Structures are given as C-alpha cells and as structure tokens.
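**Q** Now for the letters of each chain:
Protein chains: 2
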Amino acid sequence: MTDIQNRLKEFSLRFNDYIEQFFPLPDGAEKRVVEAMKYSVMNGGKRLRPFLVCETAKLFDVPLFPAAAQTGAALEMLHSYSLIHDDLPAMDNDDLRRGKPTCHKQFDEATAILAGDGLLTQSFELLSHKAVSADAGVRCELVNLLANAAGAYNGMIAGQMLDLYAENAPQDTDCERLIKRIEEMKTGRLIRYACEAGAILGRAPMEERLAVINYARKIGVAFQIADDILDVEGSQELMGKTLNKDAAQGKATFVSLYGLEKARQMAKELVEEAKASLGIFSTRAQTLKDLADFIIERRS
Amino acid sequence: MTDIQNRLKEFSLRFNDYIEQFFPLPDGAEKRVVEAMKYSVMNGGKRLRPFLVCETAKLFDVPLFPAAAQTGAALEMLHSYSLIHDDLPAMDNDDLRRGKPTCHKQFDEATAILAGDGLLTQSFELLSHKAVSADAGVRCELVNLLANAAGAYNGMIAGQMLDLYAENAPQDTDCERLIKRIEEMKTGRLIRYACEAGAILGRAPMEERLAVINYARKIGVAFQIADDILDVEGSQELMGKTLNKDAAQGKATFVSLYGLEKARQMAKELVEEAKASLGIFSTRAQTLKDLADFIIERRS
Chain R
491 MTDIQNRLKE FSLRFNDYIE QFFPLPDGAE KRVVEAMKYS VMNGGKRLRP FLVCETAKLF
551 DVPLFPAAAQ TGAALEMLHS YSLIHDDLPA MDNDDLRRGK PTCHKQFDEA TAILAGDGLL
611 TQSFELLSHK AVSADAGVRC ELVNLLANAA GAYNGMIAGQ MLDLYAENAP QDTDCERLIK
671 RIEEMKTGRL IRYACEAGAI LGRAPMEERL AVINYARKIG VAFQIADDIL DVEGSQELMG
731 KTLNKDAAQG KATFVSLYGL EKARQMAKEL VEEAKASLGI FSTRAQTLKD LADFIIERRS
Chain G
491 MTDIQNRLKE FSLRFNDYIE QFFPLPDGAE KRVVEAMKYS VMNGGKRLRP FLVCETAKLF
551 DVPLFPAAAQ TGAALEMLHS YSLIHDDLPA MDNDDLRRGK PTCHKQFDEA TAILAGDGLL
611 TQSFELLSHK AVSADAGVRC ELVNLLANAA GAYNGMIAGQ MLDLYAENAP QDTDCERLIK
671 RIEEMKTGRL IRYACEAGAI LGRAPMEERL AVINYARKIG VAFQIADDIL DVEGSQELMG
731 KTLNKDAAQG KATFVSLYGL EKARQMAKEL VEEAKASLGI FSTRAQTLKD LADFIIERRS
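If you're matching them up, the sequences are chains R and G in order.
Each residue of the first sequence is one higher than the one before, counting from 491 in the numbering used here.
Each residue of the second sequence is one higher than the one before, counting from 491 in the numbering used here.
It is possible that part of the hints are untrue.
Treat identical chains as interchangeable: a pair holds within one or across any two.
Stated by the list, open to error - Each computed DSS-like pair below joins lysine-lysine, with the alpha-carbon atoms no more than 30 Å apart:
{"hint": "1", "residue 1": "Lys548", "residue 2": "Lys499"}
{"hint": "2", "residue 1": "Lys521", "residue 2": "Lys779"}
{"hint": "3", "residue 1": "Lys765", "residue 2": "Lys752"}
{"hint": "4", "residue 1": "Lys735", "residue 2": "Lys548"}
{"hint": "5", "residue 1": "Lys595", "residue 2": "Lys779"}
{"hint": "6", "residue 1": "Lys499", "residue 2": "Lys779"}
{"hint": "7", "residue 1": "Lys595", "residue 2": "Lys741"}
{"hint": "8", "residue 1": "Lys499", "residue 2": "Lys741"}
{"hint": "9", "residue 1": "Lys499", "residue 2": "Lys590"}
{"hint": "10", "residue 1": "Lys548", "residue 2": "Lys620"}
{"hint": "11", "residue 1": "Lys595", "residue 2": "Lys735"}
{"hint": "12", "residue 1": "Lys620", "residue 2": "Lys590"}
{"hint": "13", "residue 1": "Lys590", "residue 2": "Lys765"}
{"hint": "14", "residue 1": "Lys752", "residue 2": "Lys528"}
{"hint": "15", "residue 1": "Lys548", "residue 2": "Lys521"}
{"hint": "16", "residue 1": "Lys548", "residue 2": "Lys752"}
{"hint": "17", "residue 1": "Lys521", "residue 2": "Lys758"}
{"hint": "18", "residue 1": "Lys521", "residue 2": "Lys670"}
{"hint": "19", "residue 1": "Lys752", "residue 2": "Lys590"}
{"hint": "20", "residue 1": "Lys735", "residue 2": "Lys521"}
{"hint": "21", "residue 1": "Lys528", "residue 2": "Lys758"}
{"hint": "22", "residue 1": "Lys670", "residue 2": "Lys735"}
{"hint": "23", "residue 1": "Lys752", "residue 2": "Lys595"}
{"hint": "24", "residue 1": "Lys765", "residue 2": "Lys521"}
{"hint": "25", "residue 1": "Lys548", "residue 2": "Lys595"}
{"hint": "26", "residue 1": "Lys528", "residue 2": "Lys670"}
{"hint": "27", "residue 1": "Lys521", "residue 2": "Lys741"}
Derived by calculation from the structure, the hints in this document are not laboratory data.
This structure is a prediction, so every number in the text was calculated from the model and none was measured.
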C-alpha cells in the first residue's frame, strides 16, 4: 500500500469507531430503523468525504475532534442516505452495495426509505450542534450550504433526478453537457462541500477558501471519470458491486463519450490542476495532493 | 363558518401565496422533482402547523414576515415530505390525499421519493437562512430542534416505524402505551415544535416557553383523537381520503381502545387543559384557545 492508502485506511478505521457512537439503539420496536441506518453507515466505504473535511480543516488549524470529525460524520450520514435511496427498487434497483445486501434487501423497503430519511435528518442535527463550533454563525453556514448542495435546485437531488431522466433521454440530447451536469450536481457538490466545510470551520480568508473549492471541483470530476473507468475495467470483487452496469443500461458516461484513453488523460490533467490549486498552502497540503493522485490510481 | 374557521381560511390563503415562491421551476429535466415538491405542498391542507408557528410567534412580538412565516414554511415542507413518503406503496400505499392523486400516483415512485427528500432538505435550508432571524443562535436552535423532532430517535421517523410495526404487533402488546407513543412521536413532536418555534424566535422566558409547549402537547393528543373519531364517523367527501381505514386494517386507535364516547370526553378534557396552560398570556392567546376548541369540532 502507498502512503496515502495507509493514511486513508487508518483514518477510516478511526472514523468508523467514531461515527458508531451516533447510533445508540432505542428500546422500542422503532429500533429497527436505527439498525438499518447503522447497517448502512457502518457498511465500509472509503470515508473519502469525511477525510476531505478533516484534511481541509487541518489547513486552517481546526481541531479534529469534535469539530472536523462531527462535520465529517454529518456529511457521511448524508452520503449514506443518498446511497440507500438510490439503491431502492423504484430507483436503481441494486441488490449489492460494497459486497453486502443493500438496505432494502437486508431489511425491507419501508425501513430503507425511513432509514434514508433518518440519516438525512440526523445529518442536520449533528451539524447544528454546539460541538461543531462555538460560533453559531459557522454552524448555520454549514447547515445552509449542505442543504443547498444536497437539494433539488442544482444539488444532489437534482443530479439524481437528471440521472434517472438520462436513461430515457431523447436521441438528440447533448450527452456531454448532460453527463457534466449530472456529475456536478450528483457527486461534485458534496465533494466540494467536504472541502468548503473545512474552510468554513476555520473561518478561512476568501482566497484560501476559493483555492480548496477549486481543488474540490477538479477532483470531483476526476473521481467521476475514474468511477466510469472502473465500471468498465475494474475488478468486480474489489468494487463489491455489479460492474458494466452503465454500458448494459446504454447510459452515457465519460468513457462512452470520450473513450478510455481520452478519459484517462482528462482525469490526469484534472488531478494536476487540482494539485496546482493548492499551491498557496505549499507543503501543508501534501496529503490533499497525494489524495488527488490516489483518486485516479485506485482500484476500487 | 365560525370566527376561528374564517381566520384559518384567511391564513391558509395568504400562506399558500407566500410558500409558492419557494418553488421556482428550473430549466433542465430535473425540474420534474421540483414540480412534484410543489404539487404536494400546494395541495391544500389546513396549514395548521404554520398557523401555530405564526400565532405563537405573535405572543412574543416576532414579525410575521419573514421570520414566523419562513419558519412555518420550513415546517410545512417537512410535514409535506412525511406525507409523500408515508403514502408510498412500500408504506401506507395510498392513492388519494386530500381528494387528489398522491405524489407517486401523479408522478412516479422515484420522483416521489426524491420530492420527499427535496422537501426535507429544503426545510433545513429555509430555517438556517438569515431571513428567519438575525441571531444565528436562534436559527441553529430551530434547526437542531426540528431535526430532533423529525428524527429516528423519539421523533417523527421513529413514530412512523412504530406505526408500521403496530399493524403486525403481537397479541400481547400493550396497545394503550403503543398508540400513545405513536401519537407522541409521529404527530405530537411536530405540533409541539410549531409552538416551541414561536417561543424560540421570540427568545421567550422559560416559563412562557413551557406554557406553549404544554398547550401543544395537549392539543397534539386531542388532534389525534379527533382524527381517529373522524376516521370512524367523518364525511369521506370532506376528508378527501379513504375512511374507516384503521378499522379495516385492524389497527388500534384511540377510538378502538376507549370507544367513541370516552375518546370524545378525553379530547374535550385535553382541550380544556390546553387552554388553561395559556392562562399566563390572558386574552392575547385567544386565537390559540379558539384553535384548541376547533381541533375537536372540525369536520375535516
């Protein structure tokens, strides 16, 4: 394993221990929904988004615990909710997620819908809690920005709606514009949020905030391109999900649009641009730069 | 119409005009989800929760626009999300809501799930916005309390999980305890939130805040009892939904538990207690007192 892989691995182990505390099981029969929430959140994952929150926060001397970690936990809960709902029969109808039964397969559909709702709701409860920052203005900004990034207006929900539409888009659709918009809204906004949250927590000056936003935009697109490449040539075992699904569904992706070679080249350039955006922080941002490289080198 | 009915009607007309502004339609194909959100929110409703926010806020001299109205709009969005998700085939599988097709019938299941998610998310975006209060501490408290009241730990989601469980509860279940817990979590918490939000907006002294919380608890239970009574002897036309559903599903309700006569008596006593809790405000709380009476006298 490379150094950044080790760091990510170490972080994810610590983070898993940390986030588990937010899911105490109630006594009554309603505990089923908390079990489903916990099952989905604790089901592996690279913890890329909380890692980005914590590494960006570090640039601005924000304490890891509880400020950065709790913000990261809120974001990871929101990410998990989106996976649960995306996997539902009415949406992507997936049976496997990271090699395990999806939430509605392990529990049932009603419980999965409620578990997603519960994680989304809990995410805002965490963010608005004093532990995140003594400054209520900071907490409100974090809440407002997350709601916007995850919302139905140019946010994650709009991205998912567009993604569903894309499966049956008319022949004359501008595919390039469409997949760029889906990436930007469905995955890009939350990755950008992860980095911006670190800057908000640290009350960063605007120039530095813009630098991490720029970095996040670039790695966001690179991440999606890498995902599309892995869908074509990744290992099903490592990925823990059905591959070649995009092609089977006739879905436009960065790979179907540009071909493997050009897609790989684009991702490489984006990673270089992402690293360059962090120049202002010099060596203090080394981990974030290594992470950018890792995003396109990963095998799962 | 009685005076309170006129007031409610007038309020709901103004509120409908007001809340519509929050649903501008985007240009892209993702507008479908916003159409579904708007369809569900604009589909009638008594606007009881925002009315409670605004009337309670008035006790503490909070401006109606935008502070109280925007808080009420956030709460109504959250309430609408819960109705959309509760109506889904995997949940209560309802085709009609207020005499119109439910969201998944009018659109489709995927869009309805996303529309619910979108309204829940937008609710927190509204609450954390500066228009609600210049004091970020107030906004954070509103966000945190709403997330808690709507959440999976003793909140609305826990109530819905328990309600689903109740349909197949074992024979030896303590039905009285069960339906009281469902009422408290599924509907009670949000009604309490409506009144408490008014007190938070107005930075009310603790004694007055407790008075409105107490009022809200009592009318919350009375409201549920009245609903159970209407399910048995209401007019299907006025209610705009399938009646006698509880009995058909063999579901325990306040009526099945205590009988019509005793249930009616309990609701009456709760309303008297609710009105007495507001004694501290004397005549300034007349509208809230009239509302308490209306809750058990309404025909829909």
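**Q** Using 30 Å as the alpha-carbon threshold, which applies to Lys735 and Lys521: within, between, both, or neither?
**A** For Lys735 and Lys521, the Cα distance is within 30 Å only across copies (26 Å; inside one copy 34 Å).
**Q** What label fits Lys670 with Lys735 when the C-alpha limit is 30 Å: within, between, both, or neither?
**A** The answer is within: 19 Å in one copy meets 30 Å, while 47 Å across copies does not.
**Q** Using 30 Å as the alpha carbon limit, work out where Lys595 and Lys741 are close: within a copy, between copies, both or neither.
**A** both (25 Å within a copy, 27 Å between copies)
**Q** Evaluate Lys521 and Lys670 at a C-alpha cut-off of 30 Å and name the case that applies: within, between, both or neither.
**A** This pair counts as between: shortest inter-copy Cα distance 17 Å, intra-copy 40 Å.
**Q** Under a CA distance limit of 30 Å, which applies to Lys499 and Lys741: within one copy, between copies, both, or neither?
**A** neither (32 Å within a copy, 49 Å between copies)
**Q** Check Lys521 against Lys758 for me: Cα-Cα at most 30 Å, and say if that holds within a copy, between copies, both or neither.
**A** This pair counts as neither: shortest intra-copy Cα distance 46 Å, inter-copy 33 Å.
**Q** 30 Å Cα cut-off: does Lys595 pair with Lys779 within a copy, between copies, both or neither?
**A** Intra 38 Å, inter 48 Å, cutoff 30 Å: neither.
**Q** If the cutoff is 30 Å on CA atoms, where do Lys752 and Lys590 land: within, between, both or neither? Let me know, please.
**A** neither (33 Å within a copy, 51 Å between copies)
**Q** At most 30 Å between alpha carbons: which applies to Lys499 and Lys779, within, between, both or neither?
**A** within (17 Å within a copy, 59 Å between copies)
**Q** Within a copy, between copies, both or neither: where do Lys499 and Lys590 come within 30 Å Cα-Cα?
**A** within (20 Å within a copy, 51 Å between copies)
**Q** When Cα atoms must be at most 30 Å apart, do Lys752 and Lys595 count as within-copy, between-copy, both, or neither?
**A** Classified as neither: same-chain Cα gap 38 Å, cross-chain 43 Å, threshold 30 Å.
**Q** At most 30 Å between CA atoms: does that hold for Lys548 and Lys499 within a copy, between copies, both, or neither?
**A** So Lys548 and Lys499 pass the 30 Å test inside one copy only (18 Å; across, 54 Å).
Comparing the model with each earlier hint shows violations of hints 2, 4, 5, 8, 12, 13, 14, 15, 16, 17, 19, 21, 23, 24 and 25; every other hint is respected.
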